[in-house]
Each structure stands twice: as C-alpha cells, then as structure tokens.
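I would like the entire structure built from these sequences, with the hints used as guidance.
Going down the list, the sequences are from chains Z and F.
For the first sequence, the positions run 26 to 410 when the numbering used here is used.
For the second sequence, the positions run 26 to 410 when the numbering used here is used.
Because the hints were derived from the structure by calculation, they are not lab data.
Certain hints may be false.
Unchecked claim - Straight-line Cα separation of at most 35 Å, DSBU-like style, residue types lysine-lysine; simulated pairs:
| id | chain 1 | residue 1 | chain 2 | residue 2 |
| --- | --- | --- | --- | --- |
| 1 | Z | Lys73 | F | Lys50 |
| 2 | F | Lys61 | Z | Lys355 |
| 3 | F | Lys148 | F | Lys72 |
| 4 | F | Lys339 | Z | Lys72 |
| 5 | Z | Lys120 | Z | Lys176 |
| 6 | Z | Lys260 | F | Lys50 |
| 7 | F | Lys336 | Z | Lys61 |
| 8 | F | Lys61 | Z | Lys336 |
This one's a predicted model, so the numbers in the text were calculated from it and none came from an experiment.
There are 2 protein chains.
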Amino acid sequence: MIGEQFLQLPGPTPVPDRVMRAMSKAMVNHRGPEFKQILEEVVEGIKKTYQTKQNVLIYPASGTGALEAAVVNFISPGDRVLAISIGVFGDRFAKIAAEFGAEVEKLDFEWGTAADPQIIRKKLHQDKNKEIKAVLITHNETSTGAFNDIKTIRKEIMDHPALFIVDAVSSLAALDLQMDEWALDVVVSGSQKAFMIPPGLSFLAFNERALEIHKKNSNRKYYWDVTAGLQYLEKGQNPYTPAISLYYGLQESLNMMLGEGLDNIIARHKRYRDIVRAGIKEMGLDLLAADDVASTALTSVVAPKDIGANKIRKYLQEEFNIVLAGGQQKLNDIIFRVGHLGYVRDLDLLSVLAALEIALIKLGYKLELGSGVKAAQRFLLDKSE
Amino acid sequence: MIGEQFLQLPGPTPVPDRVMRAMSKAMVNHRGPEFKQILEEVVEGIKKTYQTKQNVLIYPASGTGALEAAVVNFISPGDRVLAISIGVFGDRFAKIAAEFGAEVEKLDFEWGTAADPQIIRKKLHQDKNKEIKAVLITHNETSTGAFNDIKTIRKEIMDHPALFIVDAVSSLAALDLQMDEWALDVVVSGSQKAFMIPPGLSFLAFNERALEIHKKNSNRKYYWDVTAGLQYLEKGQNPYTPAISLYYGLQESLNMMLGEGLDNIIARHKRYRDIVRAGIKEMGLDLLAADDVASTALTSVVAPKDIGANKIRKYLQEEFNIVLAGGQQKLNDIIFRVGHLGYVRDLDLLSVLAALEIALIKLGYKLELGSGVKAAQRFLLDKSE
Chain Z
26 MIGEQFLQLP GPTPVPDRVM RAMSKAMVNH RGPEFKQILE EVVEGIKKTY
76 QTKQNVLIYP ASGTGALEAA VVNFISPGDR VLAISIGVFG DRFAKIAAEF
126 GAEVEKLDFE WGTAADPQII RKKLHQDKNK EIKAVLITHN ETSTGAFNDI
176 KTIRKEIMDH PALFIVDAVS SLAALDLQMD EWALDVVVSG SQKAFMIPPG
226 LSFLAFNERA LEIHKKNSNR KYYWDVTAGL QYLEKGQNPY TPAISLYYGL
276 QESLNMMLGE GLDNIIARHK RYRDIVRAGI KEMGLDLLAA DDVASTALTS
326 VVAPKDIGAN KIRKYLQEEF NIVLAGGQQK LNDIIFRVGH LGYVRDLDLL
376 SVLAALEIAL IKLGYKLELG SGVKAAQRFL LDKSE
Chain F
26 MIGEQFLQLP GPTPVPDRVM RAMSKAMVNH RGPEFKQILE EVVEGIKKTY
76 QTKQNVLIYP ASGTGALEAA VVNFISPGDR VLAISIGVFG DRFAKIAAEF
126 GAEVEKLDFE WGTAADPQII RKKLHQDKNK EIKAVLITHN ETSTGAFNDI
176 KTIRKEIMDH PALFIVDAVS SLAALDLQMD EWALDVVVSG SQKAFMIPPG
226 LSFLAFNERA LEIHKKNSNR KYYWDVTAGL QYLEKGQNPY TPAISLYYGL
276 QESLNMMLGE GLDNIIARHK RYRDIVRAGI KEMGLDLLAA DDVASTALTS
326 VVAPKDIGAN KIRKYLQEEF NIVLAGGQQK LNDIIFRVGH LGYVRDLDLL
376 SVLAALEIAL IKLGYKLELG SGVKAAQRFL LDKSE
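Structure representation (structure tokens):
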C-alpha cells in the first residue's frame, strides 16, 4: 500500500482534515453579510499572526502575486531599491522590482548564509541623500533554509527613511515576526505555508507610512491596487470575486492556530528544526545553513557528493512516497530540502529520518543504521525532561 | 429550517458535491508528476470548452486577474484600443486597459442592449491607418443580462488587423463560443461560473497571432507574463504555486461537463433562460434585455417602480434564503438579476419563480398567484412533447 503522499515540502504543506471539511461548505454571496463576517474574522486573525494593528489585504493569488502587489503599490518606476538576497526568492523579489521599473541594487550574500546587518547598515549609511526608497528582504529563504534576522536588520537602519518590505511568505507563524514592534512597513505572506490551507490566497500587510507613499505611487495597477482593496474591505468585500472556499479553510485554520497560540506554534517549528538537525548531524551529513541562521520551516541537507541529492529523493519517493524538495538552480542535486512547516508532527519527522537512513545505506553511504533517529529521539526525550 | 443558501447569482454558482469531494484530496507536490498529469488534463478540458487548439494558461486569480493578464500581455502603453461596452464589465475592461497605458476609445451601447455589429464595423472602417491595435468586448454582460453576438461582430471586422479580445468570464460553456472557428485572438474566462467550481482560478486563451504581438509588448509584468506561463506549462507546471485544491475541483467538473457534452450544456442554459423569461413575462414584469440578446447565464428583471428591486430581494432572502443579485450602479434598485449559470436544475428555477410570486403579492403587486410558474411549466411541458 502506497498511502497518501508524505509531503515534506516547504509548501504546499499538508492540510488538516478539519480545514478540508470547512472548505467543503456551500458557496455564499461574496457581496452578502455572511461573507462580510468571514472576511472580517479572518483579517483579524491574520493581524494576530502578523502581530500588527495595521492594514491587511487578502488576494486571490499565490504568494508571488502579493510580492508583485508590494512592488506595484509601494515602489514607483525610477525608485532606487536595495534588494537583499540570500537565495532564489530574494532574487525573485529583486527581479519583480526591476520588472516594474525600480533601479535595483542587489546585495547578495552566499547561499546558505544570512544577510549581515552591519553590511546593510553601511550600505544605507553611504546613501547620504536618502535616494534609496525601499529595502527588499526575504525573512525565510526557502531555497536554502537560512533566515534573515529581520529584527536586528531593521533596527540597524531605522535612521534611513526607505520602506522596509519583507517577504514573509514562508516564515509567518513559523518564525517570530512582530510587524508593529519591529517597525516593518510592508509584509507579504501566503496561505499554503504555516497557515495550513491549500495555495491560492496571499496576504499583504502595510502600515500608514507605506500607505502615504502608495498614494503618490506611479506604477500601473488594477488587480493589486490597495486603494481599491481598502475601500472594499470597509464594506466587508473584495474588489473582485474572492476565493471563497479558501476563506472557509482559512477561518478554520486560524481557529486552530489561535487556539494553539502563536508562541506555541513558533516553539513547535523550532522543535521540528532541532529534531531534523540532530538526526542529520548524527548521520554525518552537512547542513547547508549554520545553526544560528537555520530556518524553522525547512532544513537543507547537503547530500554525499558521490550519491547526489536527487537519487536520494527518488529513492524516498519510490519506496516510501515521501516527497522532499530538491535544490534549486545552482543547488540542484547538491542539497535536498526537508520541509517541516505547518501541519506536521514530531512523529512524521522521526519517520522521515528513519527512511532517509535506509535510503542512504541502500545508495552506498556508510552509516550506523538507526543512529540518526536515535539522536532525534534523544533530543525529544531530553526536551521533555 | 432555513437550509442552504439558495444561490441564484451569476457567480459564484453552486458547487456539485462530487466537485467538493474532489477538492478535499490531500495536497501534492506542484512540481511533481501527479500535478503535471492533472494540469495537462485540465488544460485539455478547458480547450474543449473554448473549442480551441490554441494556448491556454490557468492563473491562481479571479476573472479580473485574467482580464488584467490579457491587457498587460497583448496591449502596450500608447496602443489605441476600441473598448465596446454594454454595461459594468465592459466598462471595467476599458478601465483596466486605460490604467495600463492604452489610449482607450469607448464605444458604449445602452445598458440592456447588445453592441451593434454595423456600428463597430463602421468604426474600424474609419481607421484607415489601422492604428487601433485591439478591440475589447464582453461576451456576456453580467450586469445587464444581455450578450454580444461575438461571431457576427468578429466577421464584420475581419479585414482589420486589431486583436479581438473577448471577456468570456461569465459566458464560457453557457453560451456557444468557438474560439478557433470565429478567429477570436484572446479569450478570458473564470472558474466560478459555468465551470461549477469555487472562485480562484481564471483562464487565458490566446492564438499564435496574439503571441507574436505579445513578444513585442512593452507593458511591465511578472505574475501575468504568458512567456513564463508557457515555459512552465511545457514542464507541466505553473511559474509559482498553483491553487491545487481548485485544480482537483476543475478536473472533476470538467469530467462532468465533457460527460454531459458542450452542446447539451449550452442547450440546458438556453432552457433555463426560457423558463425564467416565460414565467417573468406572464407575471407582467419587464425584462431588461430583449429576447434576441438575452443572456443564457442570468436574467435581469425590472422591478415594479413602486416596490423597487431591493425590497423584493430582501423578502426572498429573509423568507426563502434565496439570494438574487441586485442592479449595479445606475441599475441599483431598478433591476434584480436571477442567475441560472452552472449547476442549476429546472426545478430550482420553478421554485424561484414561485417564491418571487409570493414576494410580489406580499409587497402589493397585482398578480394571479401561480400564473408565472404555470407559464414556465407549460414551456417545459411543450418542450418535452
């Protein structure tokens, strides 16, 4: 029996049964009072996960859509933009800004590392005339499994007026993010990650400072226009037809999340990370990201060179129906990525480690069978004492 | 007992149980072979409903998103565009084109009527230097319940090179639309209409002529870029995360639709229209659209002046949980709109007519109770003989 696909991806993530059932409710009028009530409830819930009292809009779109929305609403053609990148998604954000006319300066850090706050500080310090209008940064870099220390970076450049725009698509609720406390101006997220619902919704949060800048924005926009979004939100509506079934799911998943408590969810994701890292280290494999910058959403493992990452992934898929993500672009076949984001149990990770050991041995890697699993068990035992 | 909301809207439309259940399947990797197979199957299915062999892309977005995609991919800033409007959605399409830099000339026809092919022909004939780059037109105008005779209009202006871009969001599969046979260049549609799935997916079909023009397009775009869309489609993927659960639903609804047969679906929608119009006429109420331009997706009914449309809608919602759409903008309180699009039965329409009679009498309108229902029954009886 092959069973359900065992999805250890950094998105889409498994959807809880409760959420699935909620999504099966019949359609309602998206201009009526029932939808208004749902919309208001989920917006309040999302604000809690963002730890914000600012504006939140929901788009019927992937996370990439809300990244585009952040660009076309808050960056004008000709604006100088500093785009900090530690991987594929940082590159993508920079590319979107460039496509929409920004003069983008890329600030790249080695893949697998995090951005250095002091280098960013220096960069902005050099901008004497305050020509840089926005700083783009990825919170959790899904392509490498490293995360940026948004809080420190923001603090270091508070004296510069550039908008601080954060891609938190894969981090929100998995990593602590305090939009208001840390003075983040614009924060983007998506549904198919820690929110535990299928892909198709994305979120854009922005403060009053960003809204003022938006009012003078000269980029062309219609679908993503936050002015229209806010006007309709006032009425409890979306400017165009919302993805109703996903709202049902979101309402239920937010109930689950707020019931569990944001701190507990974040602690749980930290635990996932530590379980996986304890196991992998014991197996003698390298981790792409160092401990202090290691993502709580996924772990990138460097495969033994003579085997390659894709052979391992193939074996796990064929023998155990476990789906791990591969490396992207220059990391292809170098790493595999174990997602531990959203609706995941400790148990799932123990079984993934167990299967991985079998795969490694089968493919010729020297390893004491059970040693990685045991290290992970030990971590859990110690933690519970 | 109040029961489920009885949704007689022109979108979102009721979702069949089979489709709901299909949508509850577990997530799969959107870069894996399972998703590839689903994507290829649904693209083939959509092509059948468009009656085309051309390119079809699926966006995680509302219909409005795919309208924006049609504009930013096939119209460049500065392009002269003729936008034909017979209501709110024609106006919206024109507004999107203007927002993205087109020099839009509006050609308006009275709300409730259809566009006159001869006037359009004349307009394009006057464009001796072929400066008009695109003609925008709505197939079914959801705000009024009139539809444009796309086939005839297209034929009349075949000697002009302007791209012919059709908003078929609410018409596809409810009205006959033969993309290839009629030489339509770009056709937009959406999921929450005759496709019977929840909102959140939209479709963009375009021929090779449009693709050639796209290659020289100078509008800024990322999320909607059809070049990226086609590249990923080749691999059986979407450029960014697709709305997986809605694809499951679409796969199932296309199975239902192709099983029923496109001709039968179109005939069924014609029958819905005729049932409703027979009943409404017998009640002595006016219909906004004349018989020869009356939409098969919805029927706009002019409410008795001294009652107003919104009182009738309110009564039906409160007493019967029937949700009808109101009039938009200048038609507010003048008309109400009975949707008969997608997953609807003859029975549903008979009961809506029966409830409407009760509402009208209750609100002081003179009417022989049962007369409208009887006319609709008579229509069905005659049809079955």
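Checked hints:
1. Lys73/Z <-> Lys50/F: Holds. Lys73/Z to Lys50/F sits at ~29 Å (cutoff 35 Å).
2. Lys61/F <-> Lys355/Z: Holds, because 24 Å separates the two Cα atoms, which is no more than 35 Å.
3. Lys148/F <-> Lys72/F: holds (32 Å)
4. Lys339/F <-> Lys72/Z: Distance ~33 Å between Lys339/F and Lys72/Z Cα, so the pair holds.
5. Lys120/Z <-> Lys176/Z: holds (24 Å)
6. Lys260/Z <-> Lys50/F: holds (34 Å)
7. Lys336/F <-> Lys61/Z: It holds: about 20 Å lies between the C-alpha atoms, which stays within 35 Å.
8. Lys61/F <-> Lys336/Z: holds (20 Å)
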